[in-house]
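2 protein chains.
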Amino acid sequence: MNIAVLGTGSVGSTIGSKLIELGHNVMMGSRTANNEKAIAWVGKQADKAATGTFADAASFGQIIINCTAGTATMEVLKLAGETNIAGKVLIDISNPLDFSKGFPPSLSSVNTHSLAEEIQKTFPTVEVVKALNTMWAGLMVNPSLINSGDHSTFICGNDPEAKSITTQLLKSFGWDEKNILDLGDISKARGLEMYLPLWLSIYGATKSGAFNIKIVS
Amino acid sequence: MNIAVLGTGSVGSTIGSKLIELGHNVMMGSRTANNEKAIAWVGKQADKAATGTFADAASFGQIIINCTAGTATMEVLKLAGETNIAGKVLIDISNPLDFSKGFPPSLSSVNTHSLAEEIQKTFPTVEVVKALNTMWAGLMVNPSLINSGDHSTFICGNDPEAKSITTQLLKSFGWDEKNILDLGDISKARGLEMYLPLWLSIYGATKSGAFNIKIVS
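Going down the list, the protein sequences come from chains A and B. With numbering that gives the first Met the number 0, letter number 149 in the first sequence gets 148, and the count goes up by one each step, no holes. With numbering that gives the first Met the number 0, letter number 81 in the second sequence gets 80, and the count goes up by one each step, no holes.
For reference, chain A alone in the conformation it holds in the complex (with noise of 0.2 angstroms):
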């Protein structure tokens, strides 16, 4: 499958390398074609990988993974252009975190509003599914570094198909189907966007970014 990942940081230069370890063609979309740090990605892979601008990556895809700063998310998808978007599967991975006033950042879209339900809303034809936005990028696709595998992750969306083309994603990461709890619409990613100042927490107290939540009942 083609598949774009918007944004040249360590979630998308981990979610591209999985993707394409999987046999699918990525493009990397960043605000310029000869980004840097695209171009340096593209050089440690196969030929299934390609770097362009944000437009030049969401035509490409099929499938859209944004894995940008939350703050930088509404004007990145506006560059990539609505027509490029439109209809597709969008998979938002992003969080809001401003950082403007230091660490710890506070959330740019919280409490009544999310960044996805804002996407969902500003694009009504894409189809956004929020997911892996609750820990670090290497846990997203290799759950096994940490108890087997087993612990949580979480999806939530408006439109079923979306969700389920997301699942086999998560599957294909190495996700057991098991631990992929469905909250339900896009407004459930008020949930898992304010999750982060805990995460946040739990990241300073154990020094460690290799955790997990897992849901025990």
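Just so you know, not all the hints are guaranteed correct.
Unchecked claim - Residues on chain B that point at chain A, a partial pick, calculated with CB under 8 angstroms:
no. : residue
1   : Ser-99
2   : Gly-101
3   : Ser-105
4   : Lys-187
5   : Leu-191
6   : Tyr-194
7   : Leu-199
8   : Ile-201
9   : Ala-204
10  : Ala-209
11  : Ile-212
12  : Val-215
Since the hints were made in silico from the structure, they are not lab data. Even glycine gets a Cβ: it sits at the ideal position worked out from N, Cα and C.
Starting from the known structure of chain A, arrange chain B on it as the hints suggest.
Only chain B this time, still in chain A's reference frame:
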């Protein structure tokens, strides 16, 4: 020990009854000394239970446990009286859930603020510890109900001695010390309170409140 439980809801009555079972003397505080729910709660207990106003209870307790609705907490603590709570450990279990616009609730303190911080700021001599707000009341005092008791609970607060007292209390409730994670100072209550929307979403998806999260690494 003499302990004040502020609030007559399911959290207050559950915590109060457990404390009595453990041999403590408990006064349940409410707005009026003759609150029907408080009297009914006392009626079920041995001679170690009493009821009174918030001020009566706060004066009685060597430790204060706030089990009120978060949106009422600041008013309740003013009714309890600054002199009655001064210098004492206050364990804050409340969540600032605002249901005034229906379900799901929003948070009345959020992002750059938390209710626990507001309590600490308003009553600087009180030793505030946030604890137990991240789960259903039944699990707070009986963690072995699920997963053989192996799941996570969190504390935060500015005073190490107050956190040590809270940890001892949690251990007496059945919590294994390895599952009690100290997140740091009282500002970490932001993450603990902002977890509630995710808790509510998981509750909605699984149709049961008898779950918790376990940190795995």
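These are the hints, each one checked on the structure:
1. Ser-99: 12 angstroms, violated
2. Gly-101: 11 angstroms, violated
3. Ser-105: 5 angstroms, holds
4. Lys-187: 5 angstroms, holds
5. Leu-191: 6 angstroms, holds
6. Tyr-194: Because about 5 angstroms separates Tyr-194 (chain B) from the closest Cβ in chain A, which is inside the 8 angstroms limit, the hint holds.
7. Leu-199: Leu-199 (chain B) check passes; min Cβ-Cβ to chain A is 7 angstroms, inside 8 angstroms.
8. Ile-201: With Cβ-Cβ at 6 angstroms, under 8 angstroms, it holds.
9. Ala-204: Holds, about 5 angstroms.
10. Ala-209: Since chain A brings a Cβ to about 6 angstroms from Ala-209 (chain B), closer than 8 angstroms, the hint holds.
11. Ile-212: Ile-212 (chain B) check passes; min Cβ-Cβ to chain A is 4 angstroms, inside 8 angstroms.
12. Val-215: Since the shortest Cβ distance to chain A is 4 angstroms, the answer is holds.
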